[in-house]
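When you get a sec, could you build the whole thing from the sequences and use the hints?
Residue numbering for the sequence shown follows our numbering, beginning at -13 and increasing consecutively.
Treat the hints with care, since some could be wrong.
Calculated lysine-lysine pairs in the DSSO-like style (CA-CA distance at most 30 Å, straight line) [what the hints assert, rightly or not]:
1) K164 <-> K126
2) K253 <-> K126
3) K195 <-> K333
4) K126 <-> K333
5) K195 <-> K164
6) K145 <-> K333
7) K145 <-> K253
8) K196 <-> K164
9) K145 <-> K126
10) K164 <-> K145
11) K253 <-> K339
12) K339 <-> K195
13) K196 <-> K253
14) K145 <-> K339
15) K126 <-> K339
Derived by calculation from the structure, the hints in this document are not laboratory data.
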Amino acid sequence: MSSMAGWILYVRSSGVYHWSVTERIIESLVGPESEGTTLLEHLCRRFTYCDRAQWQIFLDDGRLLVDGQPGNADQRLVSGQRLEFMPPSDLEPAVDASFSIVYETSRLLVVNKPPLLPIHPGGRFFAHTLWYLLTRDVGKVHIATRLDRETSGLVLVAKDAVTARHLQEQQSLGAIHKTYLALVHGNFPAGWMSAWGWLVPDRQSAVRKKRHFLPMLASGSNCWSHPWTPGCAYQYAFPETGTPDHTDHNEPPEPGAESCGTVLTGKGCHQAAEGPRSLVEARLLTGRTHQIRATLYSLGFPVVGDKLYGLDDGFFLRFIDDTLTPEDISRLVLPYQALHCASLEFKDSDGNKLEFSVQATWAGMVNTSEHENKS
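Have a look at this one:
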């Protein structure tokens, strides 16, 4: 199940040999605040992604049920009643469905997902998701690794429950290794850094889900200092040799803070007309929500095209209101965040080590053969 602004999504399915999705149902319960309100008024007030005329059409078409019976626009609602909505497929926004299968066996798939294609149903997306498209083409699948809608790259998919459990175990043991590429604003230093710290809510942002990275202190003979807040600098080591390590003696800065670690490597820099942009490789040492994007943003290197962790989180607010300006679009550079899962390494259920890599569509925006920065 997944939420849709007050609705709960579930699926009626059928099929014998190939499992197939036949109907999308979205359910909602009437709250006490809507007691006595007409069904049409409730829909217009609560679910604003459709206007009054569109909701009336859905009612006339029999797409809304109240306690299992066809709903009437003028009927008065009672708290606790169950509403069911069967949206048409054309209600979903258009997506880039040009995914490709990089590797396939009878047990699993490795898929290269384009940006702007959601993986799982949620919100207004159902048929326009990687899960649905794969289900339609190959039968029931289990997504083992996930990417945000705007993030592109490699996704690991199981074809059966046994393989799904194996991959889930591998994931929990940290045995599935993913490497990302990000295109960021700014001159990211050459070499690598091990960025360990804490993810906390970004209370300077109007967006509640936005997170901020608070680095732990580290030391080294070759350090980079970034003053992400006035009067305060944190040191990061760029050792010339050796394996990245970290210091975890710091206490959580606040209740609920999540520790996280990311190895970041500067791969190249390009001087664009709007300013420098760098290609950064990111290897996760932990797996936290928004970890790479929040870490890079808080270190002063926002991801190109990122509406939440980019140059201005006002992009995100205007995006959800569909009020992005031509200037916003120009500053974003890309219509999606430039974050890409470039490589994937894991062992299958027979113990075979498998490795895959794919290039990002935007990788050519930075020349990796020359790095304009010195560590």
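Here is what the structure says about each hint:
For the hint pairing K164 with K126, the CA-to-CA distance comes to about 24 Å; that is within 30 Å, so the pair holds. Between K253 and K126 the CA atoms are separated by roughly 39 Å; this puts the pair beyond 30 Å, and the hint is violated. As the CA atoms of K195 and K333 are separated by approximately 34 Å, the hinted pair breaks the 30 Å bound. For the hint pairing K126 with K333, the CA-to-CA distance comes to about 22 Å; that is within 30 Å, so the pair holds.
Between K195 and K164, the direct Cα distance comes to roughly 24 Å. Compliance with the 30 Å bound is thereby established for this hinted pair. A hinted pair counts as satisfied when its Cα atoms are at most 30 Å apart, and K145 with K333 qualifies at roughly 16 Å. For the hint linking K145 to K253, the alpha-carbon distance of about 35 Å lies beyond 30 Å, and the restraint is violated. With a CA separation close to 23 Å, the supplied pair K196 and K164 stays within the 30 Å bound.
Between K145 and K126 the CA atoms are separated by roughly 7 Å; this keeps the pair inside 30 Å, and the hint holds. Using a Cα cut-off of 30 Å, the hinted pair K164 and K145 holds, with the two alpha carbons roughly 20 Å apart. Taking the CA atoms of K253 and K339, the gap is near 26 Å; set against the 30 Å cutoff, the hint holds. Straight-line distance between C-alpha atoms of K339 and K195 comes to about 37 Å, which puts the hinted pair past the 30 Å bound.
Restraint check: the Cα-Cα separation between K196 and K253 comes to about 27 Å, which is no more than 30 Å; the hinted pair holds. Simply put, K145 and K339 have alpha-carbon atoms about 18 Å apart, close enough for the 30 Å limit, and the pair holds. The hinted pair formed by K126 and K339 meets the criterion: a straight-line CA distance of about 25 Å does not exceed 30 Å.
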